[in-house]
Amino acid sequence: MRMDGHGLSRQDRIRADNDYMKMKLMLERGAQFGISANGHDIPPELENRFLRNVLEFESMNENTAFITVFEKLGRPSAFRPSAQIPDHEIGEAWKELLDCLNEHQVTIGVCSPNVGPRDLYRFATEELFDMQVSSIDMPGLVHGFIYDEFHPDPVYDNPRSVIEGFIEPLFSDRPVDSMHYYSRLDLRLNEHYPLSQRQFMNLVNHFKSGYTGFSDVQLSDVTCTVDGRDSVVSGCYHVKAHVEGKMLPLGGNWTATLTEHPATGVWDIHSVEIQGIPF
Numbered sequence: 000m001r002m003d004g005h006g007l008s009r010q011d012r013i014r015a016d017n018d019y020m021k022m023k024l025m026l027e028r029g030a031q032f033g034i035s036a037n038g039h040d041i042p043p044e045l046e047n048r049f050l051r052n053v054l055e056f057e058s059m060n061e062n063t064a065f066i067t068v069f070e071k072l073g074r075p076s077a078f079r080p081s082a083q084i085p086d087h088e089i090g091e092a093w094k095e096l097l098d099c100l101n102e103h104q105v106t107i108g109v110c111s112p113n114v115g116p117r118d119l120y121r122f123a124t125e126e127l128f129d130m131q132v133s134s135i136d137m138p139g140l141v142h143g144f145i146y147d148e149f150h151p152d153p154v155y156d157n158p159r160s161v162i163e164g165f166i167e168p169l170f171s172d173r174p175v176d177s178m179h180y181y182s183r184l185d186l187r188l189n190e191h192y193p194l195s196q197r198q199f200m201n202l203v204n205h206f207k208s209g210y211t212g213f214s215d216v217q218l219s220d221v222t223c224t225v226d227g228r229d230s231v232v233s234g235c236y237h238v239k240a241h242v243e244g245k246m247l248p249l250g251g252n253w254t255a256t257l258t259e260h261p262a263t264g265v266w267d268i269h270s271v272e273i274q275g276i277p278f
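Residues in the sequence shown are numbered from 0 upward in steps of one, following numbering that gives the first Met the number 0.
Among these hints, one or two may not hold up.
What the hints assert, rightly or not - Dumping the calculated SDA-like pairs for lysine to any residue here, alpha-carbon to alpha-carbon at most 25 angstroms:
| id | residue 1 | residue 2 |
| --- | --- | --- |
| 1 | K239 | S208 |
| 2 | K207 | R228 |
| 3 | K239 | F213 |
| 4 | K245 | N204 |
| 5 | K23 | S133 |
| 6 | K21 | F49 |
| 7 | K94 | G143 |
| 8 | K207 | A240 |
These are computed hints drawn from the structure, not numbers from a lab.
Construct the entire structure; sequences and hints are all you get.
This is how it looks when you write it as structure tokens:
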């Protein structure tokens, strides 16, 4: 039951209102509430505005209709097919289309630097226009799309996977405890094969345990090739390893191979060779 506020300060009344709205969201929507990331309480006025916006959105969304992006833009006829736009005009055409999307609270983001204006224009007019979004219009509500989620670029993604999944954990201060980027079985690490994920981690952590830390990790000449469902990522590394007050320079070439899973399209690391490290 909502408190009547008798005898409560303004701040306490707002907090009581917040508690009521949070309880309503937990019971009716299955919402969960924790604490802020820095451990400090959120100002009750700010939390109150947030909770009211959530309740308003949930209420509006209950009986909302869905429309295509093309309908949300007002069925524009000004945007020509990508194939009809010459190269010297495609940049301006994409800017006009993006402005139109943003005016109607639709955004397109892209991560890969290999994606150009024509790719984005074609994606918007040939694919995005047919996708459905909520017909709700309210301040701050944006329908966001990421190009890479629909058209992954392994030449861009695979080096990031190897660096984030192998190089960075190898020279971090913490033991490796996860293998999100790897095949489940038949892994290779230098001359060690076949390995399970656990065996792979044990070899890496055994190497790491011989040093007190690493610093000044430098990567260079990182390249990626893709041939069907197979990919090779390679590069050079230099790092300062520290042990018993001494600094030992490590460096050399490294190569990782990845395979695309036929069902999911996910690329998994299954082999890594790195010079200068005796696992």
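- Task: Would you list, in rising numerical order, the hints stated earlier that this structure does not obey?
- Result: 2
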